[in-house]
Structure formats: structure tokens, C-alpha cells
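Q: Given the structure of chain A, go ahead and fit chains B, C, D, E, F, G, H, I and J onto it with the hints provided.
Protein chains: 10
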Amino acid sequence: MDMSEVTAKLIEAKNRKRATYQDLAEAVGRNKTWVAAVIQGQASMDEKEAEALLNYLEIPYEEIKHELMTPPYKGSLSEDVPTDPLIYRFHEITQVYGTTLKEIIHEEFGDGIMSAIDFKMDVEREEDPGGDRVVVTLNGKFLPYTKW
Amino acid sequence: MDMSEVTAKLIEAKNRKRATYQDLAEAVGRNKTWVAAVIQGQASMDEKEAEALLNYLEIPYEEIKHELMTPPYKGSLSEDVPTDPLIYRFHEITQVYGTTLKEIIHEEFGDGIMSAIDFKMDVEREEDPGGDRVVVTLNGKFLPYTKW
Amino acid sequence: MDMSEVTAKLIEAKNRKRATYQDLAEAVGRNKTWVAAVIQGQASMDEKEAEALLNYLEIPYEEIKHELMTPPYKGSLSEDVPTDPLIYRFHEITQVYGTTLKEIIHEEFGDGIMSAIDFKMDVEREEDPGGDRVVVTLNGKFLPYTKW
Amino acid sequence: MDMSEVTAKLIEAKNRKRATYQDLAEAVGRNKTWVAAVIQGQASMDEKEAEALLNYLEIPYEEIKHELMTPPYKGSLSEDVPTDPLIYRFHEITQVYGTTLKEIIHEEFGDGIMSAIDFKMDVEREEDPGGDRVVVTLNGKFLPYTKW
Amino acid sequence: MDMSEVTAKLIEAKNRKRATYQDLAEAVGRNKTWVAAVIQGQASMDEKEAEALLNYLEIPYEEIKHELMTPPYKGSLSEDVPTDPLIYRFHEITQVYGTTLKEIIHEEFGDGIMSAIDFKMDVEREEDPGGDRVVVTLNGKFLPYTKW
Amino acid sequence: MDMSEVTAKLIEAKNRKRATYQDLAEAVGRNKTWVAAVIQGQASMDEKEAEALLNYLEIPYEEIKHELMTPPYKGSLSEDVPTDPLIYRFHEITQVYGTTLKEIIHEEFGDGIMSAIDFKMDVEREEDPGGDRVVVTLNGKFLPYTKW
Amino acid sequence: MDMSEVTAKLIEAKNRKRATYQDLAEAVGRNKTWVAAVIQGQASMDEKEAEALLNYLEIPYEEIKHELMTPPYKGSLSEDVPTDPLIYRFHEITQVYGTTLKEIIHEEFGDGIMSAIDFKMDVEREEDPGGDRVVVTLNGKFLPYTKW
Amino acid sequence: MDMSEVTAKLIEAKNRKRATYQDLAEAVGRNKTWVAAVIQGQASMDEKEAEALLNYLEIPYEEIKHELMTPPYKGSLSEDVPTDPLIYRFHEITQVYGTTLKEIIHEEFGDGIMSAIDFKMDVEREEDPGGDRVVVTLNGKFLPYTKW
Amino acid sequence: MDMSEVTAKLIEAKNRKRATYQDLAEAVGRNKTWVAAVIQGQASMDEKEAEALLNYLEIPYEEIKHELMTPPYKGSLSEDVPTDPLIYRFHEITQVYGTTLKEIIHEEFGDGIMSAIDFKMDVEREEDPGGDRVVVTLNGKFLPYTKW
Amino acid sequence: MDMSEVTAKLIEAKNRKRATYQDLAEAVGRNKTWVAAVIQGQASMDEKEAEALLNYLEIPYEEIKHELMTPPYKGSLSEDVPTDPLIYRFHEITQVYGTTLKEIIHEEFGDGIMSAIDFKMDVEREEDPGGDRVVVTLNGKFLPYTKW
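Chains as they are written, first to last, in full-length UniProt numbering: chain A, 1 to 148; chain B, 1 to 148; chain C, 1 to 148; chain D, 1 to 148; chain E, 1 to 148; chain F, 1 to 148; chain G, 1 to 148; chain H, 1 to 148; chain I, 1 to 148; chain J, 1 to 148.
These are computed hints drawn from the structure, not numbers from a lab. Heads up, the beta-carbon is just placed ideally off N, CA and C, and yes, glycines get one too. It is possible that some hints are incorrect.
Think about it this way: if two alpha-carbon atoms lie no more than 27 Å apart in a straight line, the pair counts; the simulated DSS-like pairs of lysine-lysine are [stated by the list, open to error]:
no., chain 1, residue 1, chain 2, residue 2
1, A, Lys120, J, Lys147
2, I, Lys147, H, Lys17
3, I, Lys65, I, Lys9
4, E, Lys9, D, Lys147
5, A, Lys120, B, Lys120
6, H, Lys120, G, Lys120
7, B, Lys147, C, Lys120
8, F, Lys48, G, Lys147
9, F, Lys147, G, Lys120
10, B, Lys9, J, Lys17
11, F, Lys147, D, Lys65
12, B, Lys65, D, Lys9
13, J, Lys17, H, Lys48
14, B, Lys17, J, Lys65
15, E, Lys147, D, Lys9
16, E, Lys48, D, Lys147
17, J, Lys17, A, Lys147
18, H, Lys9, H, Lys65
19, G, Lys65, E, Lys17
Some, not all, of what chain I presents toward chain J, calculated at C-beta under 10 Å [claimed, not checked]:
no., residue
20, Gln22
21, Phe109
22, Asp132
23, Val134
24, Asn139
25, Lys141
For reference, chain A alone in the conformation it holds in the complex (with noise of 0.2 Å):
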């Protein structure tokens, strides 16, 4: 079974049981961005955060249990460019503002990044009479370039 079907199984799962990534990062004891990633294959769980999610959706495979626990091979898109609106938006930030944000963080920080491993991310609703908004935080470790 490969990781599409793996994903195609849970989403399945969870919308035969009506329950939202919450519910399910309630029942792993993690983030719902997290928990979503696993699920669409970019991230590894170990064997007790497997468990418990295929627990809470009632999916006995034992090998999906595996490979929810595999490294996967990562990277969500089959584009460089994506053509879906919601993720083109995120590629038009890292190309519009791309330099504004090194600009700022080489200010701040000094020469390095902000860590894409050492990542967690958040998305929230923040409420507004103009119309609600998106709120999406990213927060990485600053890694500064070793010199050698």
C-alpha cells in the first residue's frame, strides 16, 4: 500500500465518523496541523501516536500502522508552481516577499535561517467584522550559518 492510499484510507475514516483534524489531534495528544500532515504523508508518527489515531477512526491495518511510522518522501505538490488557488497563495508570499523576509530576518538574526525541521506551524480563525481572516503562524528555530 503506498502512502496515497494511506491517506485516501483515513480521510475516508474520518469523514465516515464526521470528525474534524481536532478530533483527531485531541485523540493523539497533538496540533491539528501536525496530525493533518501525517495524514497527507509529510510527516512520521511513532508507534503510540499511531495507534491512538487509528484507534480513534476504528482502522485495524497493521500496515498502515507501518507506514504512518516510515519516513515518508516528502513534498505535498506535484509542481513547482501550484495551480490550486489556496496553495498558490503561499507560493506568491515566498515570491513577492521572499526578499523582504531575508532582508528582516539577517537584521534580526544575523546570517541564517529559520528552520523548516525544527518547525512547528499553527493556523487559526481570527475573527473580523471586515470579513474573518486566516491566521497562519510559522515558527522556526533561527539556525546561524556555522563557520568553519
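A: Relative to the frame of chain A, chains B, C, D, E, F, G, H, I and J by itself:
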């Protein structure tokens, strides 16, 4: 004078004055990341903002004021996939977590997108004994798909 | 069942009934181009709309209803530059007149964009003795860039 | 003098005179979007139109008149997928709704295309209490495929 | 049944009957290159033409008739630059002589294009003692650019 | 002096003399499309031809004669897929009818290609009450594949 | 049966018989590299050659004979830049020494090309105390550019 | 002075002296294709070779000698797929016969490659009543894959 | 059975036996990274090695042995720029430090390359109180460019 | 002055002094590969290091010191796939052995990456009777994926 020359002149003046983006932000009355985006040629100012910036930097040129007020051709990178490691990490976040963001936003808001136009972002330092962290907040209005 | 199979089943049923997109549009209570977009897997319906469509087409499947209600991964082409001549002409209009549209919209509205989300479009036939004409109307909300 | 220099000189004169594209259109006796397309190097004028434009802008150069009368190498973007958000939205419309337009046009007109040559377009502002709207009308002759 | 299967079935029947494209052209009452284009999934027939073709090839399928009558998604190659040497030579002609064709056509016809829709082509053998020659004739209506 | 400067100088002289490609062709004793190809930097002349062209255009430069006699680096476009609509239509013909040409040529000549080297082409105007037509004739030697 | 299945069946039979390409070449009466090219789906045989090959390999299928006699869609790689190191080295030779070959061939033969159709190649082992060498000989007819 | 200027200067001197690559090869004591590769900026000479070349061409510059002795950034083309027909034919040979070469070399030498570094090549004219032929010989050491 | 199925079967057997690559390496008498490369379809074994591997993994299939002994079509990624973050970091090292490696190797060894064929690599863990480190050693024979 | 001019000036001074990277490394108190990376515009120095380098090279410019201290836009190649054979071999190692490295690192360290930021590398010569070897050591901190 094209926009890359404007950027070079403004950065040179900023270095000469040993000013930070926070200093410029205060002079203009806006957030530091937005001011940096203007200087990188990715956003446009009104006349008052442009004058405040040029006065602070002690740059007299009329021509630069005009450039700062013209909507630029946006896109700060010459590549679809950026080679610079700091900027690449943001590309990687879109590549790896793009479908995750899509799942979560659709579940919580329905079919639509986070706007990259009615949008603001901020960069903050979060102190952490395991190494300080870069926190980037992306805040865009949710735009539901119109049916017609 | 993935979305391309859903599209195939719906088009087959539409052909069997010798229905036009206008017929489907009336059954659903929406514009014909929007209904065609749903069938092409580029927009999602609510439950009532999906049921109206499936009843009209006499398709009982529960699974298709679910697919029609899920926000799809959008993007109807497998190429950045479409090879099909009808679709290529729209790509050509963007290529040739892209900067023209930018000039005119910025002059009349300021720095911002025409939304492709708060958006509707229509296709009409205009009779003309020199040969009938296709009139495509794109109607999107102007979104001014936020300053922050 | 190459066409990009011609564009720069004409825009500089337009700014100096504080003229709008509508003003230029009236001087030339054509639609504002077509005049903007000429200035962007995407269409050519006859001698009378070119002289009307240059007279209005008070530019004496003979060489520019010649450039305006030469069919240009068309294509206003240096990328297949434009990075500028305003222009990208038109690319997105082709990407997302390309097959929808194909379905509707084939159903109503048969096998053929909307011409991008025997073609005109217009941009209008539609006032709307929920936010004014950009209305772009694309109007091209239907060209049926010849059989031979 | 998708179009590539239709193509395979038609070619198989053509081989079985040891028919040439000229034979099919006579059965349908059209030029051999146009009939070949239909079989390659690049043009569509009306009902009478489709029946003439299927009768000649002794193929009873109703489904194939329907496919032959549907405007196909055109584009016969999966690459922008074809690898097959016969087809590449046509790409090479466009690459090498593209600007030459542009110069000559603009000089003789003004600003406009040769239509690839109101278009026919033919392939003939020219006997030559130095080796027979392939003569391909491309014949398209000149479409002048509309001004508006 | 590189070839694009040579092209610019020759076209400027051609415009100054109000000469057509047909005039140049007669001065050189060759077909107009071949002379245009030389001027576009896609073919090379012998000394006599180069002198005839330069004499006719009243250009004395020795250096240009040398450039016209050197086999150029061929390829007149900077893109695999040309953006200019006139040139794109030729690309479209290859894309749409490439496999059709392959079928017909293989059926009539066997396995081999139409040469683009032992090759000539011509452009003619065909008068037509429904609109004049551009007729492009491609004439290349058939080269059968050698077996070894 | 498509060509990749034909290739697989032929290679399997070749392995079963422990035959070399030299053995097949002798059975067919052709060079080993040409026979390998046919098996890789890059060249076509006449009926007698195809029967000789299939008899030698003890494969009875009529369908394979037909495939071997049909001019294939040529191009053995799915990438412009091959990833396989053996094949990449040939790409590297074109990349690095392409303009060198152009200089030498033009100096010695004039403006024209080495044919890849009226062409044969061979691979030989050259014994060498410093390590045996692979010697690939490319032998193509010089085709001078026609003037017209 | 960058390498393309060095190339231009050397070719200009070669033309001025009406020298062939064979003449240069004899002056340097190397093969003509290798000397052409050096001049094209694809290989480097030692001091004695560089001086022999510059003396023969009567070019005094010290700076050029230095450039000829520096290992260049190799790759003579600005495209993955060359547009020039002479060079394209070599690309075509790799595309069409790449897997054929792989089969033959692996069968005769085992798993490994033909080196493009411990490598030499030559171009010869083969007289032929059917048209003279270009014979290119590629001669590289076989490098077996190391196991470790 | 194609190579990706072979890889899947071997990894499944490895998991079933809870074997590490080090265990397999010892069974085969080779380094763990080389054995992993074979399993990933990037290197080939001799008969004895293949039998040792299959015996250890208790897989009887003759067909797999044959696949392990055939030189594979190498290249483990379907993209030029890998999306997986672990693999991307190696791409990044080539992108960022490529010219640095070129400078250092040319200075110390002269014009030539580090072989990727007469090559071995190893991965080791280096304990470090600031976090353990991955140490990858690339060891290839220096190949000087031949002059000819 | 942009970074490529800085690189050119530093290399010119290094050549003038006949200094090696090892000499520069000792003057700065860092490893030779890191100093080469700085000179190639891929890393930044602090003020003391920059002054040590400029003093050693006897370059007085203040402006260069400033450039050496600014975090550069990293990425030393203008292509995703480098054409230079020395650099390509590193690309090939990633292409061929990328999944092998992923397997080994995940098995020994778990889900995470080798950092290319908290990273150092070295190049050494290993003497070998069969030909000296280039040994490149890549040493990066293992970064485990954070769960959140």
C-alpha cells in the same frame, strides 16, 4: 531609474544612517516588514509615506518618490524555486505543507482561500533557551468562492 | 472514485439526456459556466445543489454527491502553456495583454488586483454579420493591497 | 531604439502631462485598452494614429513613430507563469476555468475557437456596495475549424 | 473509451483492411491529411463523415462514433520540443525560420497572422532525380489584427 | 559586431531605401524568404551574394560581409514555445498536426524524415473572396533511415 | 502491445538464449548497434529482418513482427538531460564540445550538418594497458544547406 | 576579460591570419579538435601550449595566456536542447540512441561508463560517391563502477 | 518485475527480518551504503553477492537475482530539484558550494574532476554534545582531463 | 559594486600574490573551503575576518569589506542542473544516491535531516597508487523533525 536601482540607493542610505527597518517603520508610521517590502520593490506608498521615508533617509530625489508611488511589477525572485537557503525554506513549507494547509483551511472556513492581497505579515523573535526562534505570522482575509 | 471519474460519469449522463449546460444551470439554479466548472472539478456545490444536479441527471450515487461537495484541488490543465488551441488563446491574451491590463487597472483602481475568487464569468454569443462573436465577461471584485 | 525604450519614453511623457489612457484614447480615436496595448509594445498603429499620439504627448521623435507602426514581437511577459499577482489572476482563470470555457464554447458554437486576433477587450469599473468590481470583457470572433 | 484507444482501434482496422489514408479520404469525401488528423484525435467529424469512416473500416461501435464527433482536447505531443526526428524537423523550421516568416508575412499582409483554424494542409511527393521530396503546403486565412 | 547588430543595420538600410524582400531577392538572385533568413541570421551567403546585398543596400562595411559569410548559430527564438502569435501558430501546427504528418509521410515514403537542410520554403498570397490566404510551402528532400 | 512490451519480450528471449547483440546481428545480417536500436524501439526492420530476428529468438508472435516493421515514435529517454551516468556522458560531450564540433565541421565542410538519418554508428573496445577504452564512431553524411 | 572575449579575440586573429584549426594544432602540437575546444573555452592549456598558440597568432596579451591556463566553467551551450541544427543532431543521437549505447556498452564491458574526461575525439572527412561523410570518433576510457 | 517492485520486495523482507543495512552489508561483505544503493536500484551486484543478499533475506525468487545483476537505469529522483528536505539539503550543498568545490579541487589537483564512478561514500554518526552530527564522506578518484 | 565584481577583485589579488586558499585560510584563521565559499559570494565574514583577508591581499577598499560582511543571496550556479563536469558529478551523486542517503540516515537517526547550515565541509587529497583521490567530507548536525 528602474526599481532595482531605487532599492540599491535606499539600502545604501539606510546603511549610511545605520538605520534599522524598525527605524524606517517608525518614520513612515507602518510595520517594518511592509516598509522592507516597499524598498524591495514589492509594494507602493502614497505621497506622504514616500516623503517621510525619503526625508528620514535624507534622499532628495523626486524621481525616487515617483517610483515608490507606482504599483511595481511584483515578484522578488528570478526563479520558481529559490536557491537562497533562507528563502527556500519558505518554498519548502509550501511544498511540504501545502495540502495540509488546504485541508485545515477548507475544514474550518469552507471552499475559498487566504488572501495574499488583503494581507499583512510580521516577523518576531521568540526567545528560547534551546535557541531563539523566528516567528512569521501570515494574516490574510478569508475569501470564500463566489457562486454565480 | 476520483474527480476525473466523476466528471466522466456526469458528462456521460448529460449526453444521455441530451441536456445542455443551460438545462443543468436551470435545474441547479445557477449560471451555466459555474455548473460546467463544478462538473470539470473546479468548484464545489452545497448539498442542495448537488442533489438537484444528480436528480436532474438521474444519477443515484451517494459517493458522487460527496465529491461534488468537497473543495477540489483546482487547476484543469496539466501544462503551464496549454496545447489546445481554444484554451491557448486565453493564455495568449494573458501573455500579450497582461501588462496592458495591469496598466489600466492600476490607473483606474490603484495598487491591487481583480479577484479570481470573489469572481464570476459568463460566455455569450453576439450575433454579427461578419461572423458571430464569443463574448467572455470576467467580473471580479477589486482588492486593494492592504498596508500594514 | 528598441520597443522597451519607446514604452518608457511614452509613459514618461504621459506622466508629465498627467494624462490618463482615456485621454490618449480620445486623442487617437480608439479604446483606452488598445492604446495601452500599443504603448506596451503589443499592437501597431497606422501613421495617422501614431502622429495623433505623439502630438498629444508633445514628443517630436520620428524614430518613435516608426516603431509604433512596425508589427512588434508580441508577448509582454518574460515568464510562462507570471509572478505579478494582478497578471497571475488572469493566468489562474485560464488554468482553473480553461476546460470550462472549452466545454461551453464547443456546446454553443461547435468545434472552433474564440479569436485573439479579430478581438477586442475592455475594462470597466462596476460600482458595488460590497466593493467595486473590475469587469473585463473579451470579445473575439468565433472561428470554426475548417475541414478540408 | 478515451481518444487514444479510439485511435488504436481505428489504426488496427485500417491495417487489417490494408487501407491507406487516401482510401479513407475517399470513403469520407475529405483530404487524406484531415482524415489522419481526425484519427490522431486532433479534429472532429460530423455524423455522416463518422459513419462513412466506420462503415468503410467495418467497425460497428456507437461509442467510437460519438468520440469522433466530440471536439477533442488538441495537442498531439507530450513535449514542447518533440524528440521524434521527423516531427522535430517541423519544430526546427519554426525555431530557425520563425522570425523570417514573421518578416515576410508582415511585409506582404500587414500586422496579423496566418490562421491555424481556418486552415488546411497537404502533403505531396515531388519526384526528383536527386531524391524525391516531401512537399507540405500550409494554407491559412490571413487574419489582420482588429483595432478597437 | 554580433549578428543581431548586423540584422539591425541591414533592416535599417532596407527601410531607408524603402526596399522589399523581393527587391533584395532580385538583387541577390535568390528567393525572398531565403534572403530574409540570411538577414535574420539563420543562413549564410557566399562572397558574391553578400557583396550584391551590401551594394544594393549601399552599406560599405567589410565586417558585415564577413558576418554574412560565416555559418551562424541558428535558432531565431529565445523560447521553446514562442509567445508571438504569428510564430506561435506554426508551433501550434507542429503540436496539433505533428503525429498526423508522421503518419502520412511514413505511409507514403517509409521510415525517414523530411530534411530541414536540403530544404526550401516559400510564402505566397492566395486571393480569396472570403479573405486572402497565406500559403507557406515547405519542400524538403525525403531522407530514408539508413540501416547498417 | 506497445513498443516497451515488445522490447521487454525480446530482451527476455535474448537472455533466455544467452545471446549477445552480436549473435542477433549475425542472425539478421546487420550491425549489433543497429539491431539493439531496433529492440530499443528506435528503428524499424523490413519483413525479412524481423522474421530472422524472431526465428532466432524463437518467438512466434505475429503482432511483434508488425511492431518491428512500423516506424516508431523515436526518442529513448523521458528527460532532456538524462540522469543515467552512462547516457549523461554523451549529453555532456554535446554540451561541452558542441560549439567545437560546429567550428571544425563548418571549417572543413562549409555550412551544413552531419546527418543523423543517413547515419550509422559503432561501438568497439580498444585494448589499452592504462584501461580498455570505449570507441564510439558516429558516421553521418554531410548535408550542405540548400540555398533557394 | 572573460572567456567569451578571449574566444572572440582568438578567432579574429585566426581569421586575420587565414589559419585553419589544423594550422593551430600543428603550432601547439595537439589535435585540431582539442585546440578548438580550448578556443571555445572548454579546455585549458599549460604555459608552453598557450605561448605557442599566442605566438603563432601574434597576440601578445599576458592576460589571455592566463585565461587559457585556468580551468574554465565548462558547458558551451545556453540551452539543454540546442536550437542550432548541427549541434542538435548530436543531441538527437543521444536522445534516440542513448539506451542503445547503454545496452551495448554494458553487454561488452559490464556496469560502468565511457569517460568524458579521460577522453579524446576526432572529426574526419570520409569521401563517398553518394556524398562525403562526417566521421566523429569518441574515445573514452571505460570506467567500471567501484563496489565498496 | 521492474526495479521498483524489486526494491519494495527487498525492503519488505528487510523489515520482516528487522534487519539493518549494516546486517545486510555484513551478509554481502560490502559497505552498508553500497548495499542500500543496490536495493534502491542504483548499482548492480555479481551473482555471489546477489545470492548472499537473497539468502539472508530468505527470498527465493530467481527473477530478483537477475534484476540485481543487471546494470540499472540510474537516477533515483523524478525531479531535477528534489522536494524531500533531506535530499534537498544535498542539492543545496551543490548549488551553494559548487563553485567553491571547483576552486579548491582545481587549485589542488589541476583541471579535472572527482569521479562519481570510481567512487565510494560512507555515512557515519559523530557524537556531539551540541547534537549528534551526520558525516558523509565522498571519495572519488581524481580524473585529470586528457589532452589529445 | 556587486558580489561578482568583489569575487573577481579578490581572485585577481590572490593570483597576483600567488597565494593559495590555504594561505588565505591561515591569514583569516578558518578552513580553506570556507574562505573559498566567502570569496565565491556564498558566506559572510565578521569585520575582523574581512580585515584579515583584505590586509593579506593588500586590498584597501572599504566597500569590499562591507560586501564581505553582508549575508549574500546564496546559490552559486545559474542552472538547476550544472553543465560543468566537475560540479555535475556532485549533482549526479545527489540524483543517483539521494534515496540511498535518505534510507541510511533515517535508519540510523530517525526522521530528520542533515543540516546544510550548521554544517562544515572539507576537501582532502588521499594518495593512492591507482591514482590520487579527492575526499570531500560533509559534516552537518542532525536535525530531527519537531512534532507539535
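Q: Need the list of violated hint numbers for this structure, in ascending order.
A: 10 and 11
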